[in-house]
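K.L.:
Residues per chain are reported as follows:
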Amino acid sequence: DQQVKQNSPSLSVQEGRISILNCDYTNSMFDYFLWYKKYPAEGPTFLISISSIKDKNEDGRFTVFLNKSAKHLSLHIVPSQPGDSAVYFCAARLDRGSTLGRLYFGRGTQLTVWP
Amino acid sequence: NAGVTQTPKFRVLKTGQSMTLLCAQDMNHEYMYWYRQDPGMGLRLIHYSVGEGTTAKGEVPDGYNVSRLKKQNFLLGLESAAPSQTSVYFCASSYPLGEQYFGPGTRLTVT
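Protein chains in written order, with the working numbering: chain S, 11 to 125; chain W, 66 to 176.
No lab work stands behind these hints, which were simulated from the structure alone.
You can trust all of the hints, since none of them are fake.
Using 25 Å as the maximum straight-line C-alpha spacing, the simulated SDA-like pairs for lysine to any residue come out as follows:
1) S:Lys47 x W:Pro104
2) S:Lys64 x W:Tyr160
3) S:Lys47 x W:Pro169
4) W:Lys74 x W:Lys135
5) S:Lys15 x W:Glu164
Label pairs and their in silico Cβ distance ranges:
6) W:Thr80 x S:Ser20: 29 to 35 Å
7) W:Gln82 x S:Trp124: 40 to 46 Å
8) W:Ser132 x S:Thr55: 24 to 30 Å
9) W:Lys136 x S:Ser38: 34 to 40 Å
10) W:Gly142 x S:Gln24: 42 to 48 Å
11) S:Arg27 x W:Thr80: 46 to 52 Å
12) W:Val125 x S:Pro50: 20 to 26 Å
13) S:Ile30 x W:Pro104: 22 to 28 Å
14) S:Ser61 x W:Gly128: 33 to 39 Å
15) W:Gly105 x S:Thr55: 19 to 25 Å
16) W:Asn93 x S:Ser20: 36 to 42 Å
17) W:Val125 x S:Asn37: 16 to 22 Å
18) S:Tyr49 x W:Glu95: 23 to 29 Å
C-beta: ideal position from N, C-alpha, C; glycine also.
Please put together the full structure from these sequences, using the hints given.
P.N.:
If you want it as structure tokens, here you go:
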């Protein structure tokens, strides 16, 4: 049962334009949401996160939006660069009742930024 | 700082063989995790540890065992490998409720 869903396996965007990666979740108890970026033959690396009490978090070219009522979050990359080409994983975390911080991952979206 | 390292990077096993994957971290993290990633799938948690000498099952623990004898090391064992265990294995570590740092992965093929 996939609690975190990324319904677009791939996205292709021209350099300089905006990339929007989407993620949906089913568990309203998630406290924290994260985006990880993964290049081939490397492990995932943390990109940006957002707490469930916020609706937006920005870090340079990366902004994550959270819509709790729709159980939806999105990652915006502006402007997109060829070096952003990677697989992006959305993840959600349950914090309450445990310090484990177990992550539930989506299946990932392959972003390709072309010149 | 090396961060999280994994040994080996690649391995090919025959069905029924055994092996151990080693994960080491130098960030003094209490928590360590083993994930597997299959094509078209997200990362799935196999086992995890919240401290030296402790381990617990994750989402897909069958066919695997783990040990955490030292705080910096987390071992994943396959006692009798099966083709269904062909995957890329990632180790990660973190502080409690902290960001998880991942290793580069081990690509395992079971024939």
